[in-house]
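Model the full structure from these sequences, guided by the hints.
The residues making up each chain are set out below.
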Amino acid sequence: MTRSVAYWTLIAACVLSTAWTTGSFPSLSSAFETYLSDADSISKLERRFGRTTACLPAEGMITYVPGAAFNHDEKGVRFRVAQYTLAPRVISDDRPAEWVICDSCSRASVQWLAASRIVERYDLGSGLSVIRRDSR
Amino acid sequence: MIAISLAIAVGLAYVLVLGVLGARCGERSNFPFRCVLSAGLGGGFFSLLTFLVILLWGPSQVVLLLAHVAALAAVGALWLRRFAGVESPSPVEFMPRTTREDPAGSKILLALFLVAAFLALWYQITVFVSAPHGQWDAWSIWNCRARFIARTGLDLRGAFTEFLGVNDLDYPLHVPLLVSSLWVQLGTETVLVPGLVAIGYSAGTMAIVCLGLAAITDVRRALLGGILLVTGACFLYWGAGQYADVPAGFYLAASIVLLALDDCAEDSSTLRPALLAGLAAGLSAWVKNEGMMWGLAIGMSLGLGAVLQGRNTRTDPHTGETRANSNDDAVLPLPEESFGDQREPQVPEISREGGVEKGSFETPVSAPHLPEKTHACEAGTANRGNATSPTVGTPVRRPAGAAMQQKFLGIGVWGKGLLSRSPFPQKLHYPRNRFLALRGFALGLVPVVVVVIAFKRCFQGNNYLTCWENLSLAGSRILDSSRYWEIGAAFLKEPFHVHDWGLVAPLMILYACISGWDCPRRVRHGAATGLLSVSLILAGYFIVFLITPFPLTWHLETALQRLFVQLWPACVFLYCLTVRLPGGASAPQAAGDHALAR
Numbered sequence: 000m001t002r003s004v005a006y007w008t009l010i011a012a013c014v015l016s017t018a019w020t021t022g023s024f025p026s027l028s029s030a031f032e033t034y035l036s037d038a039d040s041i042s043k044l045e046r047r048f049g050r051t052t053a054c055l056p057a058e059g060m061i062t063y064v065p066g067a068a069f070n071h072d073e074k075g076v077r078f079r080v081a082q083y084t085l086a087p088r089v090i091s092d093d094r095p096a097e098w099v100i101c102d103s104c105s106r107a108s109v110q111w112l113a114a115s116r117i118v119e120r121y122d123l124g125s126g127l128s129v130i131r132r133d134s135r
Numbered sequence: 000m001i002a003i004s005l006a007i008a009v010g011l012a013y014v015l016v017l018g019v020l021g022a023r024c025g026e027r028s029n030f031p032f033r034c035v036l037s038a039g040l041g042g043g044f045f046s047l048l049t050f051l052v053i054l055l056w057g058p059s060q061v062v063l064l065l066a067h068v069a070a071l072a073a074v075g076a077l078w079l080r081r082f083a084g085v086e087s088p089s090p091v092e093f094m095p096r097t098t099r100e101d102p103a104g105s106k107i108l109l110a111l112f113l114v115a116a117f118l119a120l121w122y123q124i125t126v127f128v129s130a131p132h133g134q135w136d137a138w139s140i141w142n143c144r145a146r147f148i149a150r151t152g153l154d155l156r157g158a159f160t161e162f163l164g165v166n167d168l169d170y171p172l173h174v175p176l177l178v179s180s181l182w183v184q185l186g187t188e189t190v191l192v193p194g195l196v197a198i199g200y201s202a203g204t205m206a207i208v209c210l211g212l213a214a215i216t217d218v219r220r221a222l223l224g225g226i227l228l229v230t231g232a233c234f235l236y237w238g239a240g241q242y243a244d245v246p247a248g249f250y251l252a253a254s255i256v257l258l259a260l261d262d263c264a265e266d267s268s269t270l271r272p273a274l275l276a277g278l279a280a281g282l283s284a285w286v287k288n289e290g291m292m293w294g295l296a297i298g299m300s301l302g303l304g305a306v307l308q309g310r311n312t313r314t315d316p317h318t319g320e321t322r323a324n325s326n327d328d329a330v331l332p333l334p335e336e337s338f339g340d341q342r343e344p345q346v347p348e349i350s351r352e353g354g355v356e357k358g359s360f361e362t363p364v365s366a367p368h369l370p371e372k373t374h375a376c377e378a379g380t381a382n383r384g385n386a387t388s389p390t391v392g393t394p395v396r397r398p399a400g401a402a403m404q405q406k407f408l409g410i411g412v413w414g415k416g417l418l419s420r421s422p423f424p425q426k427l428h429y430p431r432n433r434f435l436a437l438r439g440f441a442l443g444l445v446p447v448v449v450v451v452i453a454f455k456r457c458f459q460g461n462n463y464l465t466c467w468e469n470l471s472l473a474g475s476r477i478l479d480s481s482r483y484w485e486i487g488a489a490f491l492k493e494p495f496h497v498h499d500w501g502l503v504a505p506l507m508i509l510y511a512c513i514s515g516w517d518c519p520r521r522v523r524h525g526a527a528t529g530l531l532s533v534s535l536i537l538a539g540y541f542i543v544f545l546i547t548p549f550p551l552t553w554h555l556e557t558a559l560q561r562l563f564v565q566l567w568p569a570c571v572f573l574y575c576l577t578v579r580l581p582g583g584a585s586a587p588q589a590a591g592d593h594a595l596a597r
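Residue numbers (numbering that gives the first Met the number 0), protein chains in the order written: chain V, 0 to 135; chain B, 0 to 597.
No wet-lab data here; the hints were simulated from the structure. All residues carry an ideal CB built from backbone N, CA and C; glycine is no exception. Be a bit skeptical, because a hint or two may be false.
With a cut-off of at most 20 Å between alpha-carbon atoms, the simulated SDA-like pairs for lysine to any residue come out as follows [stated by the list, open to error]:
| no. | chain 1 | residue 1 | chain 2 | residue 2 |
| --- | --- | --- | --- | --- |
| 1 | B | Lys-106 | V | Val-4 |
| 2 | B | Lys-106 | V | Ser-3 |
| 3 | V | Lys-74 | B | Trp-135 |
| 4 | V | Lys-43 | B | Asp-136 |
| 5 | V | Lys-74 | B | Thr-189 |
| 6 | V | Lys-43 | B | Trp-135 |
| 7 | B | Lys-106 | V | Ala-12 |
| 8 | V | Lys-43 | B | Ser-129 |
| 9 | B | Lys-106 | V | Ala-5 |
| 10 | V | Lys-74 | B | Trp-553 |
| 11 | V | Lys-74 | B | Thr-557 |
| 12 | B | Lys-106 | V | Trp-7 |
| 13 | V | Lys-43 | B | Lys-106 |
| 14 | B | Lys-106 | V | Leu-15 |
| 15 | B | Lys-106 | V | Ala-11 |
| 16 | V | Lys-43 | B | Thr-189 |
| 17 | V | Lys-43 | B | Leu-191 |
| 18 | V | Lys-74 | B | Ile-140 |
| 19 | B | Lys-106 | V | Val-14 |
| 20 | B | Lys-106 | V | Arg-2 |
| 21 | B | Lys-106 | V | Thr-8 |
Here are the simulated distance ranges between beta carbons [said to hold, decoys possible]:
| no. | chain 1 | residue 1 | chain 2 | residue 2 | range |
| --- | --- | --- | --- | --- | --- |
| 22 | V | Ser-28 | B | His-498 | 18 to 28 Å |
| 23 | V | Cys-54 | B | Ile-508 | 52 to 62 Å |
| 24 | B | Leu-55 | V | Glu-58 | 16 to 26 Å |
| 25 | B | Ile-508 | V | Pro-56 | 55 to 65 Å |
| 26 | B | Arg-80 | V | Gly-49 | 49 to 59 Å |
| 27 | B | Phe-30 | V | Cys-54 | 53 to 63 Å |
| 28 | B | Leu-191 | V | Lys-43 | 18 to 28 Å |
| 29 | B | Thr-557 | V | Ser-23 | 17 to 27 Å |
| 30 | V | Val-4 | B | Trp-516 | 13 to 23 Å |
| 31 | B | Glu-468 | V | Ala-67 | 29 to 39 Å |
| 32 | B | Phe-541 | V | Thr-8 | 32 to 42 Å |
The structure is reproduced here in structure tokens:
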């Protein structure tokens, strides 16, 4: 009898726990709104970096330079989303390449970029710009 | 062509599963189990073959298709060999059904299971649509690599350049290859593909646990397993978040389930469930690096079981065959009298001493006048026919009519022996040889691991854990006692984080304390192997955290929960296999009744 009560209590508690978990999450309708409008954080950043694809070569290495205002975590997320968006281009944050994406930063704020000769420059708005420098 | 290749890979897996389990899983009710297992293994085969084709011939879809057709032909030949009798199939039917259930209770349980499953699906869809690119690892590692592969027309080189500013170059390719192949087939990089793959693996994991329990024990344990599995909320969350930990957990759970099934097998064939378990464990290494450790842990557990069994067996001086000392593996012998003298067979008297039953079936019995050929089928039948004796945990009385039945079985053996006229002595006893399971497991594991090693040799950057710089510093970390305390405390606390796991861990412990344990005797080896494997894997994780080059607290916070998610399905399976349920018959009892009824 005790075992039977314990068994059914276990089952009921587990189902209630699952229901509580489901209920504690944002509702499905609001989640669908986010999904349909691409309003999640990764989609927003993906759209942002997606604008650079028209300026960049189809492959090769690109240097990503984040703004100084971003904290460490935000820099990491933006760098990774840039890689995710721009694959198969290889994004580096520490190797100066011919093509550079400046994300909310000025050319003058980066020493090696300030010293480079600029060949092309595309200002894409919202603090995003693509620079082609003379890498010779 | 990719879709056809994928379909062939799943078909190939089904043929293999049918070839191995077919003789045992003859019941139509086990069809879903075979399908789920085949879908999982098929997905793994597809990505493995795709990788090999790209590695050897480059990204050619025609070669990919031809490779799948060739693999299907090879496995088909194996299947034919199995059923043409070249390699004798086992007629053992080892999936009893418990029928002593309260119908009303069963309906309520089924209804609650369906409610839990629906809530779990709802939750997973909600998590997916709120973050369609997946959580951090999903988009930054798995889907990012899938984009690399898909955008270069299934070329792998771009995804493994040393200049890539990430340190996960040695991560295996199962998920990226599967997703990128589907993207190439569809011609669009929709986020629905990785989302559906992720939710599919979550559902498949639930199915493999439930159907595995249903196949080995009974429906009540299966439904309990499903409910417990989805109560672990972070399993659902990481599953819908497209982390590879859930697909890896699927293969680990499949491996543990198949080892339990292998424990029920009584033939010495190479094509046994352990082979599929090895394949599944190998595929887990193709999903995540942890899988390499899992294969090793399961292999060590099987090896330990083999060594222990070797110590518990002895050789019969008359026949030269190996017998179990304990009655754990014993098969009730067919009394000699029933063959020769046609007298009433002796009924084994069973008594319990110190918790271990002893009976006349421990006594070696030889029947040198009976032929070898009969033993496989009939000894197994005799075992089931007398399952009331050796397989039940409490002393039992022999049911009326059982003596007559045993006599009948004995005559059957004798008659077959006369017909076959084999010169070899009959072996009435079949000690279950764990070495055979270990051999089967290794046969399944090794080919997949060879491919994984080939991948790592060809493309790998340095693994942060096994690189020389880390290993040279590991000594000082091992000597730091504070790390032991921190890791141990994190391990103990993790399952009790209510926000992540719900109340499932305390509920399970509380129920087990009240109810106790009742593992079906026929799968005790499999359950013990599974428990030992999980323990070894946990020990392995402990060591990894001990020598990790990352800040320990950060590493525990970011990785431990997902490691537990990997083990969660296997743990639920083992829990439901071993915990005592109220009322009803346990599986061995049911097995005995089932056999007697037949």
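Structure-based check of all given hints:
| no. | hint | in the structure |
| --- | --- | --- |
| 1 | B:Lys-106 / V:Val-4 | 17 Å, holds |
| 2 | B:Lys-106 / V:Ser-3 | 16 Å, holds |
| 3 | V:Lys-74 / B:Trp-135 | 14 Å, holds |
| 4 | V:Lys-43 / B:Asp-136 | 18 Å, holds |
| 5 | V:Lys-74 / B:Thr-189 | 26 Å, violated |
| 6 | V:Lys-43 / B:Trp-135 | 15 Å, holds |
| 7 | B:Lys-106 / V:Ala-12 | 18 Å, holds |
| 8 | V:Lys-43 / B:Ser-129 | 13 Å, holds |
| 9 | B:Lys-106 / V:Ala-5 | 18 Å, holds |
| 10 | V:Lys-74 / B:Trp-553 | 18 Å, holds |
| 11 | V:Lys-74 / B:Thr-557 | 19 Å, holds |
| 12 | B:Lys-106 / V:Trp-7 | 13 Å, holds |
| 13 | V:Lys-43 / B:Lys-106 | 47 Å, violated |
| 14 | B:Lys-106 / V:Leu-15 | 18 Å, holds |
| 15 | B:Lys-106 / V:Ala-11 | 14 Å, holds |
| 16 | V:Lys-43 / B:Thr-189 | 16 Å, holds |
| 17 | V:Lys-43 / B:Leu-191 | 18 Å, holds |
| 18 | V:Lys-74 / B:Ile-140 | 17 Å, holds |
| 19 | B:Lys-106 / V:Val-14 | 15 Å, holds |
| 20 | B:Lys-106 / V:Arg-2 | 19 Å, holds |
| 21 | B:Lys-106 / V:Thr-8 | 16 Å, holds |
| 22 | V:Ser-28 / B:His-498: 18 to 28 Å | 24 Å, holds |
| 23 | V:Cys-54 / B:Ile-508: 52 to 62 Å | 59 Å, holds |
| 24 | B:Leu-55 / V:Glu-58: 16 to 26 Å | 24 Å, holds |
| 25 | B:Ile-508 / V:Pro-56: 55 to 65 Å | 59 Å, holds |
| 26 | B:Arg-80 / V:Gly-49: 49 to 59 Å | 54 Å, holds |
| 27 | B:Phe-30 / V:Cys-54: 53 to 63 Å | 55 Å, holds |
| 28 | B:Leu-191 / V:Lys-43: 18 to 28 Å | 19 Å, holds |
| 29 | B:Thr-557 / V:Ser-23: 17 to 27 Å | 22 Å, holds |
| 30 | V:Val-4 / B:Trp-516: 13 to 23 Å | 18 Å, holds |
| 31 | B:Glu-468 / V:Ala-67: 29 to 39 Å | 31 Å, holds |
| 32 | B:Phe-541 / V:Thr-8: 32 to 42 Å | 33 Å, holds |
Of the hints listed earlier, those the structure fails to meet are numbers 5 and 13, in rising order.
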